[in-house]
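Undergrad: Position chain B relative to chain A; hints supplied.
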Amino acid sequence: MFDALSDRLEGVFRKIRGTGRITEANVEEALRDVRMALLEADVNFQVAKDFVDRVKAKAMGQEVLRALSPDQQLVKIVHEELTATMGGAAGKLDLSGEPPAVLMLVGLQGSGKTTTAGKLATLLLGEQRRRRPFLVPLDLARPAAIQQLKTLAAQVGDGCGVYDTPTSGGDPVAIAKAAIEQARVGGYEAVILDTAGRLAIDEDLMAELRRVRDAAKPRQTIFVADAMTGQDAVAVATGFRDGIGIDGIVLTKMEGDARGGAALSIHAVTGKPILFTGVGEKLSALEVFHPERVSSRILGMGDVMSLIEKAEAAYDAKQAEALQKKLRKDEFTLEDFRDQLRAVKKMGSVADLMGMIPGMKKLARGQDMAGADQELARIEAIINSMTRQERRDHLILNASRRKRIATGSGTSVAEVNRFLKQYGQARKVMKSLTRGGPRGLLAQLGMGR
Amino acid sequence: MSIEIPPWVDREQLPVLAAGLAAVLLLLGLLGFLVARRRGRVAGGESSGGGKEDAVARASSTPASPRSTAQRFRAGLARSRSRLASRLAAALGAGGPDLDDELLRILIESDVGPKSAQEILAGLGRLPAHGRDPEAVRAELRGRIEEMVRGPGEPEQLPSHPWVVLVVGVNGVGKTTSIGKLAARHRALGRSVLLVAGDTFRAAAADQLEVWAGRSDAGIVRQGEGADPSAVVFDGMKSAVARDVDVVLVDTAGRLHTKTNLMEELRKVRRTVERVLPGAPHEVLLVLDATTGQNALAQAKTFSEAVDVTGVVLTKLDGSARGGVVVAICRELGLPVRWVGLGEAVDDLEPFDAAEFARALVGDGEEPPVA
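Those protein sequences? They're chains A and B, same order as listed.
For the first sequence, our numbering gives the first residue as 257, with consecutive numbering after it.
For the second sequence, our numbering gives the first residue as 10, with consecutive numbering after it.
In short, the hints are calculated from the structure, not lab data.
Incorrect hints may appear among the rest.
Stated by the list, open to error - Just the calculated beta-carbon pair ranges, DEER-fashion: (1) A:Gly664 <-> B:Gly233: 26 to 34 angstroms; (2) A:Gln302 <-> B:Ala131: 21 to 29 angstroms; (3) B:Leu342 <-> A:Gly344: 37 to 45 angstroms.
Cβ atoms here follow ideal geometry from the backbone N, Cα and C, with glycine treated the same way.
Just chain A, with the same shape it has in the complex:
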């Protein structure tokens, strides 16, 4: 996500890099390009215009910081303004008050409401919150939506309830009321209402949603929007805000090459925080939206905080210590390698992870990153096809063993060989990197300053 915008902005900043200082003329030119980059990324016209005006005012009024070059100064200002445009601090899901806390999802058809309901339930049930969610299908015009939500509830797992909405007939208001009562009796802590959508905003829909809202008294009404939407995103968001009132926003389908314009515009226009972004098809693919981190990612500055959080989720401290030790002592076996692969898989796609490391985005460009994930799976297959003894001591891998492994993993001997060579190199690199302990690793990565 945001790749197109990132690329464009990088070009703009490169242009200004050569110039000695910020002048009205070069800022003017750079900002014209920034504005075009924003518009190409589907940022709302007015939002882009205001954004550029603010950056300009700041850039011109700024004391010249000796330590920073003109492009760095401009990057800094753009970074601050991007963050502010997207809402500053991260928004919060409100589950306060007497349970169950009702969350009402609204949005157009195809925006991803039902999938988001499943993802929210997963998040609530997860380790950090441990709240039992109760899903309520209210899109009575679409029997398939009801079925889809029931299927999702089963996938979310034990502890996630779902209301048995009849697939024909019924009144959404009555169903919402009955469902909330059932959730209360059942001891659920959160109720997620998956309301009906339409292809476009219409008064019938708004009236129905208002009735549901008045009956269900949601703690938060959350607007779900497709990140690929163009200039229409803002019109739809304000339509829902004015029609029923919204408290927060979820942007879906951010994993494609969505330009991210909606992310930049929607808060600026509605004044409501973006709470989460949907970044994939898995139920766990819902990320808290941190404006500051996202603007770092847009500007190619990486997002180390998110990376650390992901690593924390994938490793526990003991594992990490053990790994450290092994790396230092050069005892990093193929078995450990496989554990690493699995942990990495838990952290997300290779492309995602690379984008979070400062400077890595550039390196990753031009590589087919979907292929990288695929390659990891092949490597895991190769390791899986080895015996335990082989995994612990790769030196015993002779030609006949390699042949067997290739057959077992559905690869070729050449691929097995290539992998083993890679493994040897990786081992060497890791050893030298970890010689100084964690700090040494940081230093090597150029982050220890």
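TA: Then chain B, alone, in the frame of chain A:
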């Protein structure tokens, strides 16, 4: 070497951080490995769009709207027209840089995109717009846009027999619905139609197509869910030749253009069509949702590279979105818009009318500008 730990790093977390970084480093080491990697399928499905068969159900239960398509199109147009008219008039009154900006805004807000918008406005820039009749400026804009998007529609006499149309696009844009409407059009012209249910991925996609087939009295070839799409298409094409039908409409599963493996699958579907009937498909239609922004251009590029798209179907034009991105698609890729979708009823698919489209973008001046 003394190293200062960045302030945001909790010292307690260092081992965890290091492990995470080590893992990523590992990946970097693997990058070299990737260069020689084989192209393969990537795991990962698509978000399931459950709602489509319901749209069919709804469309079939609601009789076609009493108002004609043109009327509905005009109604949508009217909404934006008065707004545009007053803005344009105000901007023309003010003149100068405000005018350029206002015109740019009008185009950008219709998703035309900055590059195409600037190109449209480039010619106007040289004229002394200040004090000019707003209608004259508007007419000129309209003319320029019309010229950019004008393209051939579907030929009246189908140049081949059978006429094979492959329909592609990302998820949820209205592929299957568009096929249903196309089938109805061809049937109305007395042509025999065969639908091929190439979307074997989405639950109930074939059922949805079958409903359309029933309603327009077209034949259908389908297999169970999860079948190989190329196999279904092979059967469908064989059957089309055997039955000697006039028109074959091939549905495909929606796929994000960024999923390389699924695009690969689509190439195979196309190759299969070609193998059974050399020269086919005669038309490859890319279905685009009018609410999509500049992303649609990326979609058009990727799908064109994969399966040689020959035309565009622009759906969901009945809402507040104008679908201006097709200007860029016409300009950069030379892909003509063949059809526009304006609603959920059968008769809501219309041949694309460049003049009408241009009018929807900048208004037609039928209403007196509000001062």
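Undergrad: Run through the hints listed earlier and report the numbers of any the structure violates, in increasing order.
TA: none
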